Amino acid sequence: MKSLTIRDLSKTYFDAYAGAHVNAVRDVSLDVPAGEFVSVVGPSGCGKSTILNMVAGFIPPSSGEIRVGDRSVTGPGPDRGVVFQSFALFPWKTVLENVAFGPKMRGVARPERERIAREFLDLAGLGAAAGRYPNELSGGMQQRVGVARALANEPDVLLMDEPFASVDAQTRMTLQEELTRIWQERRPTVLFITHDVPEAVFLANRVVVLSKGRVLADVEVPLPRPRRWDPLVASDDFKDLSNKVLQLVRSA
Amino acid sequence: MNPALKAWSFYARATKRWPALGALVPFIPVVALWWIVAAAGFFPRAFFPSPADVIRSFGDLVYKGILPEYLEDSVTRLAVGAAAGMAIGIPLGLLVGLSWKAHAALWPPLLFFQAIGDIAWLPILLIWFGFGLATMTFVIVYTVLFPVVLNTVLGVRSVPVELHRAALSLGASRPRILWEVVIPGALPNIITGLRNGLGYGWRALIAAEMIVGTSGVGFLMFDARRAGSVVEIVLGMIVLGILWYVVDAWVLAPIERATGERWGLVTR
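First to last, the protein sequences are chains B and A.
Under the working numbering, think of the first position of the first sequence as 68, with each following residue one higher.
Under the working numbering, think of the first position of the second sequence as 301, with each following residue one higher.
Think of the hints as simulated: they come from the structure by calculation, not from any bench.
As the structure is a prediction and not an experimental result, all values here were calculated from the model.
Please note that a few of the clues may not be correct.
[What the hints assert, rightly or not] FRET-style restraints, in silico, Cβ to Cβ:
no., chain 1, residue 1, chain 2, residue 2, range
1, A, Ala404, B, Ile126, 16 to 24 Å
2, A, Ile555, B, Ser139, 42 to 50 Å
3, A, Ala402, B, Ile126, 17 to 25 Å
4, A, Pro423, B, Thr79, 55 to 63 Å
[Unchecked claim] Chain B side only, calculated, beta carbon under 8 Å to chain A, not exhaustive:
no., residue
5, Arg147
6, Phe151
7, Phe157
8, Pro158
9, Trp159
10, Asn202
Every residue, glycine too, gets a C-beta built ideally from N, C-alpha and C.
Could you build all of it, start to finish, from the sequences and the hints given here?
Shown next, in the form of structure tokens:
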């Protein structure tokens with residue numbers, strides 16, 4: 068696990084429909100120390116997904132720098148695992164083959180990469196689904212596969228782009244609890260993008276509030292771990308923190 | 301339960317058990333109608349043969365070895381032409397689908413030449429290559445090629461950008477993405493292109509055989525016209541229909557069940 072450093076990151080693009088240049092991200096600087104979980108929260112259009120896409124290397128920044136450890140990011144790479152809102156599983160591969168995909172690209176032999184895949188499937192509570200195709204699974208199970216697939220490749224940084232936004236509310240809470248458990252077991256460096264304030268607070272060590280492409284606030288979350296929804300929703304600390312962040316987002 | 305519903309549920313169970321039954325039973329009314337019209341004697345038998353006449357002619361032509369030989373000729377031509385059409389069409393479609401430069405350079409000519417349908421080439425092909433195999437092969441390859449290319453391009457374009465991104469962030473190189481993501485993602489469309497291409501190719505082949513005329517089912521039918529044998533013409537038509545049904549049910553449909561339908565990319 069390595070740290071993620073973002074320095075003076077900006078993204079300007081030309082909006083053909085509006086006929087104008089749009090500053091989606093302006094001079095954002097952000098540090099995620101190794102093994103820390105940071106949530107980025109903000110309303111739609113605040114630039115949070117643009118930041119993640121630049122960190123992942125999917126789109127080039129207009130200016131600024133992104134570093135993983137001491138290496139500069141110039142494009143997509145296996146050092147940054149990505150979990151997508153749309154899951155982005157390969158429909159023509161079984162669950163096991165999906166999770167084994169990263170190791171396969173590294174040239175890991177079949178028995179070893181299947182062992183790795185089974186280990187991470189078990190971590191995500193999916194051992195029984197190994198031989199099935201993604202379209203045979205529920206949304207919640209598909210996203211468990213998405214998380215297992217990203218982790219099985221042992222990235223330095225895990226990037227999550229509203230990963231639980233398209234599953235139902237009950238499943239979402241289960242997935243959030245599982246993610247905190249997995250994070251505690253493995254301690255990956257995580258950059259988690261969401262518009263859901265309680266989710267951001269529940270998961271993270273720090274919540275960064277974004278507004279109109281700028282960092283508005285950086286809030287520490289000193290809640291004890293392991294975290295579970297049942298005690299937390301009733302606790303004053305959680306409510307106070309959530310309210311504080313919600314006020315910041317709403318003022319944005 | 302009323303009798304009609306009972307009969308229907310019996311039929312549904314029977315066809316589930318013997319799928320061939322489901323392919324044959326719907327033709328019973330068609331053949332029955334044909335039989336009645338022929339037996340009623342509205343038309344002279346030489347003009348409008350009955351099913352029995354066609355079956356007799358079938359036995360006769362099989363016995364003489366003409367039908368099996370011509371059928372083999374036609375099917376071999378189609379198979380060779382389709383294989384060549386796919387060998388050119390799929391890589392070309394992948395290239396045009398993936399590269400903007402290739403798209404800019406090749407798309408307009410592709411649309412242009414697609415419009416000049418198979419048979420429109422025959423006059424010039426007959427001058428260039430004469431009445432022979434080269435002409436027929438060109439027509440089939442040409443006909444199979446365009447649906448395969450255009451559908452492959454569509455298939456490549458229909459692979460969600462997230463899947464490219466997921467593969468890249470899992471460490472896949474461009475060539476591996478082609479093999480692991482682009483080709484399987486485009487496969488349902490490629491099969492659709494192949495299905496269309498084979499359908500058009502089969503028709504073009506019969507037309508070419510009629511004009512080029514050395515052997516094949518198309519030649520059989522056109523030759524029968526010269527001899528005034530309606531029964532052989534009808535037999536040729538039936539053979540065409542059956543053959544297509546067999547190709548569809550035994551080759552294309554199983555591929556579709558094992559790929560796009562299994563993966564949830566195509567609704568059953």
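Quick check on B/Asn202 please, does its C-beta sit within 8 Å of some C-beta on chain A? 3 Å, holds
If I claimed the Cβ atoms of A/Ala402 and B/Ile126 lie 17 to 25 Å apart, would that claim hold in this structure? 23 Å, holds
Do A/Ile555 and B/Ser139 keep their Cβ atoms within the hinted range of 42 to 50 Å? 46 Å, holds
Going by Cβ atoms only, is B/Arg147 closer than 8 Å to chain A? With a minimum Cβ separation of about 6 Å from chain A (threshold 8 Å), the hint on B/Arg147 holds.
With a cut-off of 8 Å on the beta carbons, see whether B/Phe157 makes it to chain A. Holds - the Cβ of B/Phe157 comes within 8 Å of chain A, reaching about 7 Å at its closest.
At the C-beta level, are A/Ala404 and B/Ile126 separated by a distance inside 16 to 24 Å? 23 Å, holds
Should the hint that A/Pro423 and B/Thr79 are 55 to 63 Å apart at their CB atoms be regarded as holding? Since A/Pro423 and B/Thr79 have Cβ atoms about 58 Å apart, the given range 55 to 63 Å holds.
Do the numbers back the hint for B/Trp159, that is, is its least Cβ distance to chain A under 8 Å? 4 Å, holds
Hint validity - B/Pro158 Cβ closer than 8 Å to any chain A Cβ: Interface hint status for B/Pro158: holds (4 Å vs cutoff 8 Å).
With chain A as the partner, please determine if B/Phe151 meets the hint condition of a C-beta pair closer than 8 Å. Hint holds; B/Phe151 Cβ to chain A Cβ min 5 Å, cut 8 Å.
Hint compliance for this structure: every hint is met.
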